[in-house]
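Student: Throw the hints in and build the complete structure from the sequences for me.
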Amino acid sequence: MSLKEKLAAGEFVLLAELEPPKGVHVAPMLDHARRLKERVEAFLVPEMHQAVMRMSALGAAFLLRQEGMEPVMQVCCRDRNRLALQGDLLAAFACGIENLLVVSGEDPSLGDHHRARAVYDLSALELLEAIGGLERGRDLAGVDLEGAPRFFTGATTQAGSPGRSAELEAEDIAQRMRAGARFFLTPPIFDPELLEPVVRRLDQGRQALVPTVLLLKSLGMARYIERNVPHIRIPPETIERLQRAPDKVRECVQIAVEGIRALRSRGYPAVAVATLGWEDKLPEIVEAL
Amino acid sequence: MIVAERKPIEEILPWLEGARSVLVLGCNECVTVCEAGGKKEVGMLASALRLLFAKEGREVNVGERTLERQCDPEYLDELRDTIDAYDAVVSLACGVGIQFTAERYPSKPVYPGVNTCFMGAALERGVWAERCQGCGQCLLALTGAVCPVARCAKRLLNGPCGGSSAGKCELGPEVDCAWQLIIDRLKALGRMEDYERLIPVKDWSKDRAGGPRKVVREDVRS
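Protein sequence lines correspond, in order, to chains A and B. Here the first sequence is numbered in this note's numbering, starting from -11 and rising by one per residue. Here the second sequence is numbered in this note's numbering, starting from 43 and rising by one per residue.
Calculated directly from the structure, the hints in this document are not laboratory data. Don't take each hint at face value.
Below are the EDC-like pairs computed for lysine to aspartate or glutamate, each with C-alpha atoms no more than 20 Å apart in a straight line [stated by the list, open to error]:
no., chain 1, residue 1, chain 2, residue 2
1, B, 248, A, 94
2, B, 196, A, 67
3, A, 205, A, 225
4, B, 81, B, 119
5, A, 205, A, 246
6, B, 196, A, 109
7, B, 244, A, 100
8, B, 248, A, 100
9, B, 244, A, 67
10, B, 248, A, 95
11, B, 256, B, 245
12, B, 256, A, 95
Taking beta-carbon pairs under 7 Å as the criterion, some of the chain A residues facing chain B (in silico) [as the list claims (entries may be wrong)]:
no., residue
13, 96
14, 97
15, 102
16, 103
17, 105
18, 106
Just a sample of chain A residues kept apart from chain B, beta carbon distances all over 10 Å, derived [stated by the list, open to error]:
no., residue
19, -4
20, 0
21, 16
22, 43
23, 53
24, 57
25, 117
26, 131
27, 133
28, 144
29, 216
30, 219
31, 226
In this text, a Cβ means the ideal position worked out from N, Cα and C, and glycines have one as well.
Tutor: Spelled out as structure tokens, the structure:
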């Protein structure tokens, strides 16, 4: 069953984020994927997350597909204009990649190539509409395609971020849904209550939301996020719990496991786990579920 | 100068629906020189609006004013006593002046009467051409004072592309190849060795890659 079919059937779906390598050694990424294959429904492949140059999501998603796994390929507005985006989308579909996650992408100034010129020819919303056009057999110039792709497309939402208006987030989701997005990935969620104001405003409730669970790596990381990352909120209890824990790494894994369980029990159709390079901890997390 | 073009009146008119009093606001700087938003253009747009409002049977007071600069709070403050008499402002300044006017008078709707195009110069009366993109890191010392960022379609920094032919750009015969101009200029200056020198990959963080820019001069700050 594909990711789309599993979600349609109401099965709980676990997505795992797998960063493509910075280089050409793909074996570690594929080893992680193989170890998780039976326990994870699909792999989320970021496109140069935080504007750090790595192997493209298209390449990594294709490699996963070749191994019989189901990737969700990020498509990012930052690095490609409308020609390149559409061309890569056609290539992706021809390579068997059918799940997409449309993102704006972080500004190059935040990454490791801060002198790069950003593109942003299309916004995420316009890209969703362009994907819809390709599916209807037309490109953005209105020219007919020789064969149209068919994608299962998601987008991101800032639902659950402190300081964001729940009304605007719900409106944004509705707008992106009209443009063809079928699921919405949230920022890392440490307190599921924060999603409720948006959930209450959505016609389909929590059914279109895919909350992200971020694996913390240390007490320092948790404190740093709490102080410096405005769109992620870590409750003080979580930080205190890490302070008290004798084995911090084990506690971080346990917090992630409990986070996934809590979101599953609230009825979210899927959860995405992000480990930011600690993919080797993923088997431990999924086995504990 | 900042070069702008007048917007068609049909584009402006719907924004003024329901307004009983409109101020057409010009600027005495760049837009006056490029004949898009100076006192003369303010008068022309105001007259055209009066005619159209009369045709629609609407009684609308159309005021005219041209400030020395709209990008300077000192001159914008001159409007403080009169602006409340108007329901809306159509600014013929560049995008900077339009925004600065709106920032100065937050409760007043301010609409653009021009399209701001580029930083350029007059080639002849009625013809303006782009010369600078404000990339934040000037390369003109290396290129014989011809800018490849503003004048090469591909912003190439190290010589022409394969589309350059007989000194013209692949975009068409009316577009000069910037690198042909650079080579001609370096030859005339006897500095062709500069052509052989490689310009490093450009730092676009000085351009817009780092987000909206600001220049801060601590030595002149009040």
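Student: For each hint, tell me whether it holds in the structure or not.
Tutor: Consistency of the hints with the structure:
A threshold of 20 Å between alpha carbons decides the hint, and for residue 248 (chain B) with residue 94 (chain A) the separation of about 17 Å falls inside it, so the pair holds. Pair hint residue 196 (chain B) plus residue 67 (chain A) holds up; C-alpha atoms about 16 Å apart against a cutoff of 20 Å. The hinted pair formed by residue 205 (chain A) and residue 225 (chain A) meets the criterion: a straight-line CA distance of about 17 Å does not exceed 20 Å. For a cut-off of 20 Å, the pair hint linking residue 81 (chain B) to residue 119 (chain B) stands: about 18 Å separates their Cα positions.
Only pairs whose Cα atoms come within 20 Å are accepted, and residue 205 (chain A) paired with residue 246 (chain A) is accepted, the gap being roughly 15 Å. For the proposed pair residue 196 (chain B) and residue 109 (chain A), the alpha carbon gap of about 16 Å is at most 20 Å, so the pair holds. Straight-line distance between C-alpha atoms of residue 244 (chain B) and residue 100 (chain A) comes to about 15 Å, which keeps the hinted pair within the 20 Å bound. Distance check on the hinted pair: residue 248 (chain B) and residue 100 (chain A) sit about 16 Å apart at the alpha-carbon level, within 20 Å; holds.
Taking the CA atoms of residue 244 (chain B) and residue 67 (chain A), the gap is near 16 Å; set against the 20 Å cutoff, the hint holds. With a C-alpha separation of about 14 Å, the suggested pairing of residue 248 (chain B) with residue 95 (chain A) holds against the 20 Å cut-off. This hinted pair checks out: residue 256 (chain B) and residue 245 (chain B) have alpha carbons roughly 17 Å apart, not beyond 20 Å. With a C-alpha separation of about 17 Å, the suggested pair residue 256 (chain B) and residue 95 (chain A) falls inside the 20 Å cut-off, and the hint holds.
For residue 96 (chain A), the interface hint holds, the least distance from its beta-carbon to any beta-carbon of chain B being 5 Å, beneath 7 Å. Given the 7 Å rule on beta carbons, the hint for residue 97 (chain A) holds: about 4 Å separates it from the nearest Cβ of chain B. Interface restraint check for residue 102 (chain A): the shortest CB-CB distance to chain B comes to about 5 Å, inside 7 Å, so the restraint holds. A cut of 7 Å between beta carbons decides the hint on residue 103 (chain A): the least distance to chain B is about 4 Å, and the hint holds.
A least Cβ separation of about 4 Å between residue 105 (chain A) and chain B falls short of the 7 Å threshold, and the interface hint therefore holds. Satisfaction of the interface hint for residue 106 (chain A) is found here, the shortest Cβ-Cβ separation to chain B being roughly 6 Å, below the 7 Å cut-off. Interface exclusion of residue -4 (chain A) from chain B stands, the closest Cβ pair being 41 Å apart, more than 10 Å. At the 10 Å boundary, the C-beta of residue 0 (chain A) stays outside the reach of chain B, the nearest C-beta of that chain being 40 Å off.
Residue-level check passed: residue 16 (chain A) sits 30 Å from the nearest beta carbon of chain B, beyond 10 Å. Every CB of chain B lies more than 10 Å from the CB of residue 43 (chain A), the least distance being 21 Å, so the non-interface label holds. The Cβ of residue 53 (chain A) sits about 33 Å from the closest Cβ of chain B, beyond the 10 Å cut-off, so the non-interface label holds. Every C-beta of chain B lies more than 10 Å from that of residue 57 (chain A), the closest at about 35 Å, which supports listing it as non-interface.
Every CB of chain B is more than 10 Å from the CB of residue 117 (chain A) (nearest about 24 Å), matching its label as outside the interface. No beta-carbon of chain B comes within 10 Å of the beta-carbon of residue 131 (chain A); the shortest separation is about 21 Å. Every Cβ of chain B is farther than 10 Å from the Cβ of residue 133 (chain A); the closest lies at roughly 27 Å, confirming the non-interface assignment. No Cβ of chain B comes within 10 Å of the Cβ of residue 144 (chain A); the nearest lies about 20 Å off, and the non-interface call holds.
Residue 216 (chain A), annotated as away from the interface, keeps every beta carbon of chain B farther than 10 Å; the closest lies near 18 Å. Residue placement check: residue 219 (chain A) keeps its beta carbon more than 10 Å from all beta carbons of chain B (closest about 17 Å). In this structure residue 226 (chain A) is separated from chain B by more than 10 Å, as the shortest Cβ-Cβ distance comes to about 32 Å.
Going through the hint list in order, the structure satisfies each hint without exception.
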